[in-house]
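S.K.: Listed here are the chains, written in short residue letters.
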Amino acid sequence: MASKTLYSQRDPMLKRDGFEDILEERRNSSDLKYALRCYAPVLYKGVTPCKANMLKNIVLQSDQLHYVINKVSQESGKAPDIIQEEASVILEEMAHRLQISTVRFFAFALTKAFKTLFQHVCVNEEGIQRLQQAIQEHPVVLLPSHRSYMDFLLMSYILYTYDLALPVIAAGMDFMGMKFVGEMLRMSGAFFIRRSFGGDKLYWAVFSEYVKTMLRNGFAPIEFFLEGTRSRTCKSLTPKLGLLNIVIEPFFKGEVFDVNLVPVSISYERILEESLYARELLGVPKPKESTSGLLKARRILSEDYGSIHVYFGQPVSVRSLAQGKVNRSKYNLFPRHIPRKPMEETQSFVNDTAYRIVRLQEDNMVLKPWVLMASLLLQNLEGLELSVLTEQTVWLRGLALSYAAFLDWPDHAPTAKVVSSSLALHRGLACVSGGRVSLVVGEPLGPVTPEEALFNRAVSVLSCASYRNQVLHVFLRPAMLAVAMHTAASSKKNDVYNCFSFLWDMFSNDFILCPGDTVQDFEEACYLLVKTGAVQMPQQDIVMTDIGQPTLSFFNGLLEPFLQGYQVVCRYFCEEASEGLTEKQYIPAVRSFAVKLILAGNLRCYEVLSSDMQKNALAALLRMDAVTKVKVADQVTLIVNKMAVNSIDNILGGKLPTQKAVLARL
Amino acid sequence: MASDSNSSESQRIAQQRLRIIAGHLQKHKDDDSGIIATECKAEANKGTVPRKRQEIMKWNGWGYSDSKFLFNKKGQAEFTGKRYRLSGMVLPSLQDWFENTFGASVNHKSPATPALNASAVPPARLNKAFVEDLKATGIPFSHEAEDRVFRAHGHCLHEIFALREGKKFERVPDMVVWPNCHNDVVKIVELACKHNVCLIPYGGGTSVTSALECPPEETRCIVSLDTSQMNRILWIDEKNLVAHVEAGIIGQDLERLLNESGYCTGHEPDSMEFSSLGGWVATRASGMKKNVYGNIEDLVIHIKVVTPRGVIEKSCQGPRMSTGPDIHHFILGSEGTLGVVTEVTMKIRPIPEYQKYGSVVFPNFEAGVACLREVAKQRCAPASIRLMDNEQFQFGHALKPQVSSIFTNFVEGLKKFYITKFKGFDPHQLVVATLLFEGDRERVLQHEKQVYDIAATFGGLAAGEDNGQRGYILTFVIAYLRDLGMDYYVVAESFETSVPWDRVLDLCRNVKERINRECKERGVQFQPLTSCRVTQTYDAGACVYFYFAFNYRGLADPVHTYEQVEHAAREEILANGGSLSHHHGVGKLRKEWMKESISSLGVGMLQSVKDYVDPDNIFGNRNLL
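Chain order of the listed sequences is A and B.
The first sequence begins at 1 in our numbering and counts up one residue at a time.
The second sequence begins at 1001 in our numbering and counts up one residue at a time.
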């Protein structure tokens, strides 16, 4: 069975490396000395020595770029040298100017900042050793998870600490708005790309050639965020494929022997942007990146943000992944410098690879006890006894471990101590009073409107949810199975599978579910639930065991906010949505619909107020053709098929059986 | 550049052609004049190759029995015999190179089985009726074990390895016939059809594609048709500059005989000492001087082929025709699956007045390839231009004979100093292009300047005639060297491809890397030698030739490991835009990739030709398709 390998990969016995705290040494020795120490990293064996500005020349003189310049010139009627000039301007705007002095400055400044902000910065040194090996062998692409602005500074900081080649980092253009800092980042290896340049052939050509040149020359490891942007919810985001396509193509074209993709999981015990994200999700726009904003954020320096864990995963060889999946000789019949849309088999390969990497990132995310506590608190919004919370946390710890969660539970500490210190660190989110633990709701001064009160509560819930979300990937598949068992018409495996498959499809924007893996995920979920004794599968049935109740009800509760949230969106489309609703109006409209419901006491789910969930629900409905987009003039309008939306609503509510054809494989 | 304009020019010219044939290898009798031809033992009208090949040639290795490399008692390498330029010489640096490159030791020998064990040869399955009828024709034949085993293989690594190990062949020819002329072949083919006997044409026996291997599933009597006695030049037409030649003639005889009349074909594949004209046609051979003379398909004007359906030939000798697809191209590269090539009319040229070797050192392989590309672009390639990578450059240096004079030593040292220290070339990066110019003296010198000027723009430095010539020696003695390696636990093989210019570098790098990686994964304990050279330039691409060797101590089945690695290397070549073969052919070794290479429709077209020409699969070597 193909999925067997996957199971073993997720076995609780899964071997993971231990961590070293890199701050420890910093606390005991001179920061200045550290910043000025000798830095001589090993390089890629095929490296062509090259300065940052020589790179620009190579790019500008490349056949690839010349081809596009001529093409654009023909299409626009502008002279090629003018286009060439434009290309040069684009490159100037984009290119990094990596220089060691700036890196040393950051090494100094960040050490100071890290020491005040964090208790520990932990790195798996075996991962570093693997990376060091990989860097010498083949071009390396670093693919860290993205939860915070800190991520890429932290990455460079760690690589500098371990005397590894500093990466060049693809960063969003918004950083460049921060005048001085933008330039500093540039000098520490960031290069800037516009957020959207859809149809701009020239921009794409300059950008992709720039990245490929650095990769081919082995200039430096290339780093970018597969998720494209910081995840405001702490769930991994659906991977973006553009840059991954660019870094993989040189392998398919034979320009490099192999490319190593290194997934990196960066887990924060407390995210600096915690409440910022919640506000943003609730529709308060994020502050524009500015230097003064950053300075104001200094306030955060006085707080304790716990630990960071950075796990460098096993390098993934693109060559091995592509073996038998992509026929490279198909690239032989076309000049390599002419840009082409990737072939279908390449596209699906890149897509699969992206998902695979994001799942590897998830697997190695370190979870703190608080994550488990947050999951429990969210299922008890009215609060619960501290003793009950402690007891359930211990229970959940066992469950998480049996599902191979990478849990960082303090050794030899009594549980009560663990719980209380977690509560202390997150005192902004939860408090204990009278032996009960409940969410902290910010109390603004002065009179409060009901909407404001609701808004404040929602901030707390969403902040808390961002911790629960960190554990979702561990429980997701069994949890979906639990929900499917709950809603399925019978306990027949086929019926349960149909429900599972429906949920799988529905939630594939919210969670990392690799396209085409439905059956495999189902089997994995069955395997895990059976293994942990919550479920048994006599013949063609899936039934709960005597001891399965707590697990299954926890799982049902875990996904409840998502089920409810999607239902609210469905109801909005059925009951409220006016004709000619534009895509832009959708989010505020659905938000005020939900606010109304909550204020009227008809809804207790605050998470539906999150624009992330609203967008994902819309994407799901679009994918299922229950809602369609129509472009009228400049506006994109949403056309609702109320019948379809209604039936989805009913299925989610468990009122209607799923009618999907049974897969032959089951 | 050394210029020898003041040496005895006339004497040189007279000896030009002889130098070309065997010249790369001839015994170095006189240090000043360079090369002196030795008399070939062959009598007039009698070729070099006797019917009993094993009388003068190794039964389990390359070339003449009297010529081989060995490490003498002092551990120094020497080359025995009297035939070649290196013969009788001591090569002081070979041992170091050999031991350092492969991690091998002259103390660890893996000697070959001394003699063929005739009892291990499967008994001949003779077709009595066929033998009776054949006897009546008077055509000589044999079913002795030595003759049959000699024709049961080419020179693939696994074939030679099996012979050396004394392994039993699953299937060998049941008899050998030696036709003497076209009509003999017609008779043999008729009889084969009549008695349903399988025929496998055998020319020089230098195949490296398993093309001569007998299909083990063949139950009919297999007859090896040895063309070696069909070795005459039937006529020379000086008005049209063509010669009509029997196809069994081997390269060195053809050149020698034509030289006597003042002509040459200029077709010099590296195997020309032993490979035959018919074999060249059947495999689409390529000679090192194709830039001047063309490849075999450019050289042939007329081909006569005996097939089970009769004789194919064109009715005239027009230099080019538009008469539908060229039927010659069904024959060229047919690898013995359609019939026997018996006679060929091919172009000849007057022996060039002047010939000059040369070499250029480049700082790295990239610069060298860029230079060759430019030379091809300007269409000014010399008769031969080859670019050896650093590994091969060092290999070539390991073959330097002992230098007698202190002065030469000093000059060599000075040269090395100039290149590595003064010019800053990294001795572990630098590569060398070897050149061979031909033509009238003035034009050669002009041409030489043009090429060196181009080279200079890519950072190339002229490095003398000697380095150039040594490069060509290497290609001729490489097969002998493989036998030496096999005496000391080292297996080696070469393979080739052709590839568009823009992919040359990527292909070379990736194939080498793939070989290294595969070796590691398959448990090869020592770093393999992977080396390549660009051997031919074309307008749109180049031919790349790889050497691959490793020390197999510690491996249970070195040949199998070798085959897996070579297989992977070929996949890598194909994935990087290289062809299945530039000139070795497909044989049975690379059959599996034919569909991918020429599409299944293409295979179908070839199959339908085979089905028409040879419906009963008389030519049953099962190559190609």
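Simulated from the structure, these hints should not be mistaken for laboratory data.
Certain hints may be false.
[As the list claims (entries may be wrong)] Taking beta-carbon pairs under 10 angstroms as the criterion, some of the chain B residues facing chain A (in silico):
1) A1162
2) R1164
3) E1165
4) I1233
5) K1314
6) G1318
7) D1502
8) L1507
Glycine included, C-beta positions come from ideal geometry on N, C-alpha and C.
S.K.: Take the hints in turn and mark each one as holding or not.
M.R.: Taking the hints in turn, this is what the structure says about them:
1. A1162: Hint violated; A1162/B Cβ to chain A Cβ min 31 angstroms, cut 10 angstroms.
2. R1164: violated, 34 angstroms
3. E1165: violated, 33 angstroms
4. I1233: violated, 43 angstroms
5. K1314: violated, 34 angstroms
6. G1318: violated, 35 angstroms
7. D1502: holds, 7 angstroms
8. L1507: holds, 7 angstroms
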